[in-house]
Amino acid sequence: MFEIRELKHAYDSTEVLSVSSWQVEQGSQWLVLGPSGSGKTTLLHVLAGILKPTAGSVRVAGQDIGALSENELDCFRGRHIGLVLQRLHLMASLTVMDNLLLAQYLAGLPRDRARASQVLAGLDIGERVAAYPHELSFGQAQRVAVARAVVNRPKLLLADEPTSNLDDERCMQALGLLQDQARACNATLVIATHDQRIKARMPNQYTIGIHQ
Amino acid sequence: MNVATLSLGYLRARALSTALNVLLLALGVATITLLLLTMHQLEERMGRDARGIDLVAGAKGSPLQVILSAIYHLDVPTGNIPLAQAKEIAKHRMVKKTIPLALGDTYKGFRIVGTNHDYVAHYGAKPAAGRLWEKPMEAVIGAEIAQRLGHAVGATFIGAHGIADAGSDHGDAPYSVVGVLAPSGTVLDRLVLVSVESVWLVHDEHQGTDAKVTEEDKEVTALLIQYASPLAVAVLPRYINNNSEMQAASPAYETARLFSVIGVGVDVLRGFALVLMLSAGLSLFIALYNALRERRYDLALMRTLGARPRTLMALMLFEGALLAGFGAVLGLALGHALTEVLGQSLKAAQQIAVTGWTWVPAELWLIGLALAVGVLAALLPAWRAYRTDIALTLARG
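Protein sequence lines, in the order shown, are assigned to chains U and R.
In terms of the working numbering, the first sequence opens at residue 24 and continues consecutively.
In terms of the working numbering, the second sequence opens at residue 19 and continues consecutively.
Hints are computed from structural coordinates only; laboratory data are not their basis.
Positions of the beta carbon are idealized from the N, C-alpha and C atoms, including for glycine.
Careful: at least some of the hints might be erroneous.
Said to hold, decoys possible - If you only want the chain R side, here are some residues facing chain U, beta carbon under 10 Å, derived:
| # | residue |
| --- | --- |
| 1 | M19 |
| 2 | V21 |
| 3 | Y28 |
| 4 | A31 |
| 5 | S35 |
| 6 | D316 |
| 7 | L319 |
| 8 | M320 |
| 9 | T329 |
| 10 | M331 |
| 11 | A332 |
| 12 | W401 |
| 13 | R405 |
| 14 | A409 |
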């Protein structure tokens, strides 16, 4: 679950994000809708704890993340938040397996190959553990990115425009992956998108930017 | 999965750039290693050959030449000194010990030295086979000569007149080998030792039978002198220079002078090597700085995965140190190999032996210096990595 109160964020005194109150149950799945520039990505970055908002409070999994020190926040982010970006940003110099182990290492968790293999197998890419990212198809790379986001069993899984630039079939596949994986570790799923195609598949929707 | 795996992964991903930087640093390290090893062995060897010899009395001329010819057997002698005067010096109260040397002949490029048993004892050498010479025309050969020419006890040979190779043979006066010295790591390894009388005998015959050499005409080439007291340094050289046809040369002073002359060349080479290392550091810096630009998303991503800023900083510094470490190891290996090659080629020229299969403590400093170059080159990239703004970088991606 997470809870947002009186959240405001401004770049150079231009307000780009304003959320008065938004509360979400643990394990629920949400779509954040809004036109380009409405602050969807900013909201996601605030939820992920990689951007400090100008004002307001954010509680994730019962923790006020604004009250954490820099180090505590890095640790919290590594263990409880999974992030899937539109550009997948797999580490090109590391194998698929090492990309997952990196997520465990950087979160300060023990390197658990069994867990990593299990997640990859669950995403049908168990046989590509030794491959490098450039050897993967886009679909496989996306699965690896999702696997990396969920390998530490996050409380909150965030995805930024995961389906834009994908054809209809792939779009639905990607959405399905995220929903399944979020459910598998009981993570709250938040997808920020302007992609209208996936509206029908996500009952909970939160639209930002319209009140400005 | 840790910082090392990550760094190695990055280095492998940029194999060419990595190899070039490692090689550049290795060349600098190798050059310095070569200098360190060669100079160390040269100084050690020259120190060993001159140990316990406080002064050399020789014919007037260049004092450096006296030292080079009488102690190291590298140069031609300045001339001969009368035996009577040499004996006078030996009797001086400030003199503890003297060793006469009579030079002039060679055998296949190795010098024949007329001397007494004190010369062998001075260097702590012992015969590995046979015995020391007792009678005229008996010879004891050094270990290196025995090995190189394959001579053993019982062999006979004929000396050639003159220190340079081109000389007439003393065809009518063969020497017989009665002993082979064990290797001592000193100049003795490369000398043929005979009695002083043998040298006189060979040259008597050379000059013809009618001109019989009298006691007064007898000469030696040089006299190695050991002081009886430290005070002798103030008295004896002046005594010799003023009261005889000889001159006194101090091995310590002359070798120091020699090394100061060689030192100019060594300094130039060392400076060149340091410039190489400096440019390696610069190249490393450019490589890491460019890598940082390629990697800005990786760095931001690692932050989203929970990496602390100082982890990213450590990653860059480690990578610099790792590159430098590879460079240092390769450079040391290369330096030792080059020294060995140089040693082999010097051996063929019968010069002072140098080997690559040894090491000097200064090499540890060299590793430290290389690592410092690597870390220094990584400092600014590491600081930039530390300051990565995650949200801004990802928003631009």
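Status of each hint after checking the structure:
1. M19: 4 Å, holds
2. V21: Interface hint status for R/V21: holds (9 Å vs cutoff 10 Å).
3. Y28: 5 Å, holds
4. A31: This hint holds: R/A31 lies near chain U, its Cβ roughly 4 Å from the closest one there, short of 10 Å.
5. S35: 13 Å, violated
6. D316: 6 Å, holds
7. L319: 5 Å, holds
8. M320: For R/M320, the interface hint holds, since the closest Cβ of chain U sits about 6 Å away, which is under 10 Å.
9. T329: 7 Å, holds
10. M331: 13 Å, violated
11. A332: 12 Å, violated
12. W401: 17 Å, violated
13. R405: 13 Å, violated
14. A409: Holds. Min distance 4 Å.
In summary, the structure is inconsistent with hints 5, 10, 11, 12, 13 from the numbered list given earlier, while agreeing with the others.
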